[in-house]
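There are 2 protein chains.
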Amino acid sequence: MKNKDGSSKIIHGALEGIRVLDLTIAYNGPFCTMNLADHGAEVIKIERPGTGDQTREWPPFKDGASGYYAFLNRNKKGMTLNLRTEEGKFIFKELVKTADVVVNNFKPGTMEKLGIGYDVLCTIHPEIIYASSSGFGSYGPLSNRPAYDNIAQALGGMMSITGFPDGPPVKIGPAVGDNFTGTYMALAIVMALYRREKTGIGQQLEVAMVDTVISILEGAVIQYTLKGEMNGRVGNIDPYTSPFDMYECKDGYIVIAAASQNLWEDLCRAMGKPELIDEPDLLTTKLRVENYFTKLKPIFVEWAAGYTLVELQGILKEAGIPHAPVLNIEQMVNHPNTSAREMVVDIEDPVLGTIRVPGVPIKMFGTPGSVNAPAPLLGQHNSAILESLGIEKEKIQEFKERGII
Amino acid sequence: MKNKDGSSKIIHGALEGIRVLDLTIAYNGPFCTMNLADHGAEVIKIERPGTGDQTREWPPFKDGASGYYAFLNRNKKGMTLNLRTEEGKFIFKELVKTADVVVNNFKPGTMEKLGIGYDVLCTIHPEIIYASSSGFGSYGPLSNRPAYDNIAQALGGMMSITGFPDGPPVKIGPAVGDNFTGTYMALAIVMALYRREKTGIGQQLEVAMVDTVISILEGAVIQYTLKGEMNGRVGNIDPYTSPFDMYECKDGYIVIAAASQNLWEDLCRAMGKPELIDEPDLLTTKLRVENYFTKLKPIFVEWAAGYTLVELQGILKEAGIPHAPVLNIEQMVNHPNTSAREMVVDIEDPVLGTIRVPGVPIKMFGTPGSVNAPAPLLGQHNSAILESLGIEKEKIQEFKERGII
Numbered sequence: 001m002k003n004k005d006g007s008s009k010i011i012h013g014a015l016e017g018i019r020v021l022d023l024t025i026a027y028n029g030p031f032c033t034m035n036l037a038d039h040g041a042e043v044i045k046i047e048r049p050g051t052g053d054q055t056r057e058w059p060p061f062k063d064g065a066s067g068y069y070a071f072l073n074r075n076k077k078g079m080t081l082n083l084r085t086e087e088g089k090f091i092f093k094e095l096v097k098t099a100d101v102v103v104n105n106f107k108p109g110t111m112e113k114l115g116i117g118y119d120v121l122c123t124i125h126p127e128i129i130y131a132s133s134s135g136f137g138s139y140g141p142l143s144n145r146p147a148y149d150n151i152a153q154a155l156g157g158m159m160s161i162t163g164f165p166d167g168p169p170v171k172i173g174p175a176v177g178d179n180f181t182g183t184y185m186a187l188a189i190v191m192a193l194y195r196r197e198k199t200g201i202g203q204q205l206e207v208a209m210v211d212t213v214i215s216i217l218e219g220a221v222i223q224y225t226l227k228g229e230m231n232g233r234v235g236n237i238d239p240y241t242s243p244f245d246m247y248e249c250k251d252g253y254i255v256i257a258a259a260s261q262n263l264w265e266d267l268c269r270a271m272g273k274p275e276l277i278d279e280p281d282l283l284t285t286k287l288r289v290e291n292y293f294t295k296l297k298p299i300f301v302e303w304a305a306g307y308t309l310v311e312l313q314g315i316l317k318e319a320g321i322p323h324a325p326v327l328n329i330e331q332m333v334n335h336p337n338t339s340a341r342e343m344v345v346d347i348e349d350p351v352l353g354t355i356r357v358p359g360v361p362i363k364m365f366g367t368p369g370s371v372n373a374p375a376p377l378l379g380q381h382n383s384a385i386l387e388s389l390g391i392e393k394e395k396i397q398e399f400k401e402r403g404i405i
Numbered sequence: 001m002k003n004k005d006g007s008s009k010i011i012h013g014a015l016e017g018i019r020v021l022d023l024t025i026a027y028n029g030p031f032c033t034m035n036l037a038d039h040g041a042e043v044i045k046i047e048r049p050g051t052g053d054q055t056r057e058w059p060p061f062k063d064g065a066s067g068y069y070a071f072l073n074r075n076k077k078g079m080t081l082n083l084r085t086e087e088g089k090f091i092f093k094e095l096v097k098t099a100d101v102v103v104n105n106f107k108p109g110t111m112e113k114l115g116i117g118y119d120v121l122c123t124i125h126p127e128i129i130y131a132s133s134s135g136f137g138s139y140g141p142l143s144n145r146p147a148y149d150n151i152a153q154a155l156g157g158m159m160s161i162t163g164f165p166d167g168p169p170v171k172i173g174p175a176v177g178d179n180f181t182g183t184y185m186a187l188a189i190v191m192a193l194y195r196r197e198k199t200g201i202g203q204q205l206e207v208a209m210v211d212t213v214i215s216i217l218e219g220a221v222i223q224y225t226l227k228g229e230m231n232g233r234v235g236n237i238d239p240y241t242s243p244f245d246m247y248e249c250k251d252g253y254i255v256i257a258a259a260s261q262n263l264w265e266d267l268c269r270a271m272g273k274p275e276l277i278d279e280p281d282l283l284t285t286k287l288r289v290e291n292y293f294t295k296l297k298p299i300f301v302e303w304a305a306g307y308t309l310v311e312l313q314g315i316l317k318e319a320g321i322p323h324a325p326v327l328n329i330e331q332m333v334n335h336p337n338t339s340a341r342e343m344v345v346d347i348e349d350p351v352l353g354t355i356r357v358p359g360v361p362i363k364m365f366g367t368p369g370s371v372n373a374p375a376p377l378l379g380q381h382n383s384a385i386l387e388s389l390g391i392e393k394e395k396i397q398e399f400k401e402r403g404i405i
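Protein chains in written order, with the working numbering: chain A, 1 to 405; chain B, 1 to 405.
Derived by calculation from the structure, the hints in this document are not laboratory data. Keep in mind that the hints are not guaranteed to be accurate.
Put simply, identical chains are the same to the list, so a pair is met inside one copy or across any two.
Unchecked claim - Below, simulated DSSO-like cross-link-like pairs (lysine-lysine); rule was C-alpha separation at most 27 Å, straight line:
(1) 393 <-> 89
(2) 317 <-> 113
(3) 97 <-> 198
(4) 295 <-> 250
(5) 97 <-> 395
(6) 317 <-> 107
(7) 273 <-> 250
Quick caveat: nothing in here was measured; it's all calculated off a predicted structure.
Next up, chain A with everything else stripped away, as it sits in the complex (with noise of 0.2 Å):
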């Protein structure tokens, strides 16, 4: 990644230094530290001996490996380890005194059945900063279930206020209960690594999926308890000012946010309909919101209809209204912008080749993130990491050969 300036010095990232012990599966946890790694960690990906993580087997695939585990687990390095043994649990011990994080998002009560929860690593390492994720967090009535992003989505309300008011409940896309909750790990390990900075403490802490999901739900939870009163399914409207909608164009979907008196007034005058300004059923937002359905989106949906994306975006983009298209995948992919941001940046990978994954969405001016390694083949860093730990050739290859590592 290129500084603001324009060179190309070296800066390494903001956690430079930092070694994080990665026993993460699946998404939540390992986007947590895939953002860690992006600004400079040093994170160890612990895998299974044999199979390693559930995503290498999740699709897309090329020449038998998984693109998802590459994009996902990009910067970070890997070994192999199996933790059901003694041998397993000495040498994750071992590295435990070499490392600031320790992160898992396993059921809760996994890590301590191994004999690795905090109660005990932290008698080796007391200033370890130990971070754990899951569904429902490893206290409260609902601890012990298993949970996957819909279920958080789900009992976390999100669903229930996602979609039209005449259709059923919707599930984000993508699995935003998982990747929201690792962000928040991610900003708890680095509150940590602070807050140990200044005291030399090391602690525990803990994201659940749930818990995550009720946090970002906006206004709705105060609406309901200042007011008794429930949001629904609003569809893509605001429901407290308006025009703000998606709207059918010729050739797409386009939204408008016209979301003040000045905003309504410009994009009035842009469709070439400034009477509608004075219209007494649409003076004020409170009543463009009231009459929104009956008298104002008709005349948007006809309004864009007659127009192709790009007529529409040219004549929004003159006015000054905030507009935008729905891009598919493709578009937004091949947008300039993506490319301007580096939000899709090549990694390359020895299996795939090269690749193009999502890149770092935290700019830091001073010491930038980056995607700078490919996902690490399983195992490929095991004799690295146990050499640096004193353990030798001939024992590794015993390791190996025990399914040890």
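Chain A is already provided as a structure; the job is to place chain B on it using the hints.
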């Protein structure tokens, strides 16, 4: 918030000692600083004299005060400052000398026009961390465009993959483009704080809403870049495993995630339909995905329709199948898990009275976050903060009369 061991001894948040000058408005910036304040940072929210943050006029209201403002700005201090005046700029710069972080979410260029861009502030206080969020960021072809959450969801590709295959694109109900951006910015700020502890050097950073949305599309980008295939809208299913969907029962909706062979077989038995296990069309995940809509979905639609939510939950819990009812906001707020996890908590607000707001999703057991102060009245802490800069009472009164504060 109680400690995990049930004791109530006061432990300060992880960010105790950090002072944040918070110029943010609306949702994404204030969501960032709410996270920082929840974990002990001293956040000084600086608002326009007279009107303040626009969210003071966002519903729901009670006794003329906004519940939206109240939940989003809890734990923050409030002062007013007219940054278009020389005295206002002077006071701001004096405050910068005492601060660790400056945060804004104005349109790019606004801070520079006011004469308080990073280039100026870093000469006043070289260690300052200067964070900005906006729709498109400070560079790139769309940099100057205004944005709302729906603009980011549309351009980032999210809307194109949310909703049903036979329906239009759907916006995520709450503004996830906003709150995820705010969370990334909080993470960026804390990474910069950590780095500053190591090196003594501050920095500038930014997060753009469209970049955020692109980064949370899960496998959609790699599916296109690796295979040339585009994810479309898949409603409530997961396209790679089955059965994984939402079904309507007698009195509501339930999601089921039988995402492995074992879970599938357990589910067949729990349904009293063990014969499905040996059905040639449904033998493997691959076959169940292929034949979901023609063969499997009708079976589940009919099965679920015969039960109430309580009955279905009993059957699925007994069998260990991941499932959840689709809760509306009222049901979520009143669910025992929500209170056990302290995900809706009370604040005593001076105007609104006792209100219930979303709690702290990041559970740090060593330095717990907490909700312990209401949002500020407009300019509530003006005198205390200005006096701490050595400004005399008479002068403060004069600033007030002249609209500088």
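Results for each hint:
Only within a single protomer do residue 393 and residue 89 lie at most 27 Å apart by alpha-carbon distance; the minimum there is 19 Å, versus 65 Å between protomers. In this assembly of identical chains, the alpha carbons of residue 317 and residue 113 lie at most 27 Å apart only when taken from different copies (23 Å versus 59 Å within one copy). With identical chains, the CA atoms of residue 97 and residue 198 are at most 27 Å apart both within one copy (20 Å) and between copies (21 Å). In this assembly of identical chains, the alpha carbons of residue 295 and residue 250 lie at most 27 Å apart only when taken from the same copy (22 Å versus 36 Å across copies).
Only within a single protomer do residue 97 and residue 395 lie at most 27 Å apart by alpha-carbon distance; the minimum there is 20 Å, versus 57 Å between protomers. In this homomeric assembly, residue 317 and residue 107 come within 27 Å of each other (Cα to Cα) only across copies, at 16 Å, whereas the closest approach inside a single copy is 50 Å. Within a single copy, residue 273 and residue 250 get their C-alpha atoms as close as 20 Å, which meets the 27 Å cut-off; across copies the closest is 48 Å, which misses it.
The structure is consistent with each of the numbered hints, conforming to all of them.
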